[in-house]
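A.B. asks: Chains as they are written, first to last, in the numbering used here: chain L, 1 to 138; chain V, 139 to 369.
Simulated from the structure, these hints should not be mistaken for lab results.
Do not take every clue at face value.
Said to hold, decoys possible - For the chain L half of the interface with chain V, some residues (derived, Cβ under 7 Å), not all of them: (1) S50; (2) S51; (3) N70; (4) T71; (5) V105; (6) V108; (7) F112.
To be verified - Going by beta-carbon spacing under 10 Å, a handful of chain V positions derived as facing chain L: (8) L254; (9) A255; (10) E341; (11) F343; (12) S346.
Idealized CB from N, CA, C, for every residue including glycine.
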Amino acid sequence: MKIHCIAILGRHGNPIYLRNYDAHEDDVKYHYMAHTSLDIIDARLAQPTSSYLGHLQTVGDLSVYGYITNTNIKIMVVSSASNESPSVRSSQMRHVCECVHAAYVALVCNPFNERREEDRVQSERFDMVVEKLGQLTE
Amino acid sequence: MSGDTSSEMTQLLSALSLDGKPVAESRQINGSVFEFFLPELVNTLVATTVETKRAAERLALGLETEPEDPAEQPEDAGNTEADSSAGWVELPDDSELMEQVFVKLEAVGFRVGRRLAERFAPLNRRLVDTLDIVKFVCKDIWMLLFNRQVDNLKTNHRGVYVLQDNKFKWFLRMSGNCGGAAAARRAQPYIWLPCGIIRGILESFGVSTVVVAETLGLPQCTFQIKVVSDE
Numbered sequence: 001m002k003i004h005c006i007a008i009l010g011r012h013g014n015p016i017y018l019r020n021y022d023a024h025e026d027d028v029k030y031h032y033m034a035h036t037s038l039d040i041i042d043a044r045l046a047q048p049t050s051s052y053l054g055h056l057q058t059v060g061d062l063s064v065y066g067y068i069t070n071t072n073i074k075i076m077v078v079s080s081a082s083n084e085s086p087s088v089r090s091s092q093m094r095h096v097c098e099c100v101h102a103a104y105v106a107l108v109c110n111p112f113n114e115r116r117e118e119d120r121v122q123s124e125r126f127d128m129v130v131e132k133l134g135q136l137t138e
Numbered sequence: 139m140s141g142d143t144s145s146e147m148t149q150l151l152s153a154l155s156l157d158g159k160p161v162a163e164s165r166q167i168n169g170s171v172f173e174f175f176l177p178e179l180v181n182t183l184v185a186t187t188v189e190t191k192r193a194a195e196r197l198a199l200g201l202e203t204e205p206e207d208p209a210e211q212p213e214d215a216g217n218t219e220a221d222s223s224a225g226w227v228e229l230p231d232d233s234e235l236m237e238q239v240f241v242k243l244e245a246v247g248f249r250v251g252r253r254l255a256e257r258f259a260p261l262n263r264r265l266v267d268t269l270d271i272v273k274f275v276c277k278d279i280w281m282l283l284f285n286r287q288v289d290n291l292k293t294n295h296r297g298v299y300v301l302q303d304n305k306f307k308w309f310l311r312m313s314g315n316c317g318g319a320a321a322a323r324r325a326q327p328y329i330w331l332p333c334g335i336i337r338g339i340l341e342s343f344g345v346s347t348v349v350v351a352e353t354l355g356l357p358q359c360t361f362q363i364k365v366v367s368d369e
């Protein structure tokens, strides 16, 4: 299983972060995928759920998994098919989402980070964490 | 996928301490440090606001911005030697100035509240409506900040919530010789920071509010949350 993209969208659906692990793919494709996943997330939120939303949609051979925090930050992971069972893949994806959430919390709690809510994430440490996450699952 | 990668991720997760445990034992600080910090924060903001105002007045009058005579310094800006009869210092009587101090303190609290909300928002359950969020503030946030819960929560179910804390931790060490009412009035600025914190937390969950607080007698204090609807 390979992670192709990790995307974070803010409270109002604005893109906050996108990490594209494919050198040959354009970011636009993943922005679009993340944006279309928003509707699916909204539909899932109609019922009571936990933070991890699981598999959202499949586009071609790529699957999108979603995670929403209580502060309405949405984390999406795009990965390609794998050989593991769905439950194993689900727990791996959940783990990845939780790590991204933890890194985001660490970023927000940094008092020297002057980012406002609607700004993009610009942090070397955050980039490092996401980089490591992308390599872990190869 | 080997077990190694998932344990690496667990390590990453615990290093970022989202599970609520401290990162390392050596990184804890004494909780009472904040109780020392708060009066200094308030006094410094009052003093700097007074100084900014006087500098602006001088500029408007065409004088230099630096006062030449140190005796001209305001004696009521946190300088404890000045008024020793009451054993404490009166806040400047200027309501416009205190309004500015209020805005600054509340803004600091707001930023702190936003961070608290991101850091301590519950992971396994979703907070569905405003009442859930306010209950989260009353129980979880109060427990984190003050090691106790809010004593009384009242709501009119139409967007107004009243939180009552009868032993507000940051007021426990405050007292004055001039009587309860004067002490309560003097303690006003120290309550503006928690107002900002509550507003910041609610804002993180998407609820726009106005938070005011009052104290009728230390150490009791009451916070009133009014939800501002977007219509």
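A.B. asks: With reference to the structure, classify each hint as holding or not holding.
C.D. replies: Hint check results:
1. At about 6 Å, the closest approach between the beta carbon of S50 (chain L) and any beta carbon in chain V falls short of 7 Å, and the interface hint on this residue holds.
2. The beta carbon of S51 (chain L) is positioned within 7 Å of a beta carbon in chain V (closest approach about 6 Å), and the interface hint is therefore held.
3. Checking N70 (chain L) against chain V: minimum C-beta separation of about 4 Å stays under 7 Å; hint holds.
4. Using the Cβ-Cβ criterion of 7 Å, the hint placing T71 (chain L) at the interface with chain V is satisfied: the shortest such distance is roughly 5 Å.
5. Restraint check, V105 (chain L) versus chain V: the minimum CB separation of about 5 Å is within 7 Å; hint holds.
6. At a threshold of 7 Å, the smallest CB-CB gap from V108 (chain L) to chain V is about 4 Å, leaving the interface hint in force.
7. Hint status for F112 (chain L) relative to chain V: violated, with the closest Cβ pair at about 12 Å, above 7 Å.
8. This hint holds: L254 (chain V) has a C-beta 9 Å from the nearest C-beta of chain L, less than the 10 Å allowed.
9. Taking 10 Å as the C-beta cut-off, the interface hint given for A255 (chain V) holds, the closest approach to chain L being about 6 Å.
10. Taking 10 Å as the C-beta cut-off, the interface hint given for E341 (chain V) holds, the closest approach to chain L being about 9 Å.
11. At about 6 Å, the closest approach between the beta carbon of F343 (chain V) and any beta carbon in chain L falls short of 10 Å, and the interface hint on this residue holds.
12. A distance limit of 10 Å between C-beta atoms decides the matter here; for S346 (chain V) the minimum to chain L is near 12 Å, and the interface restraint is violated.
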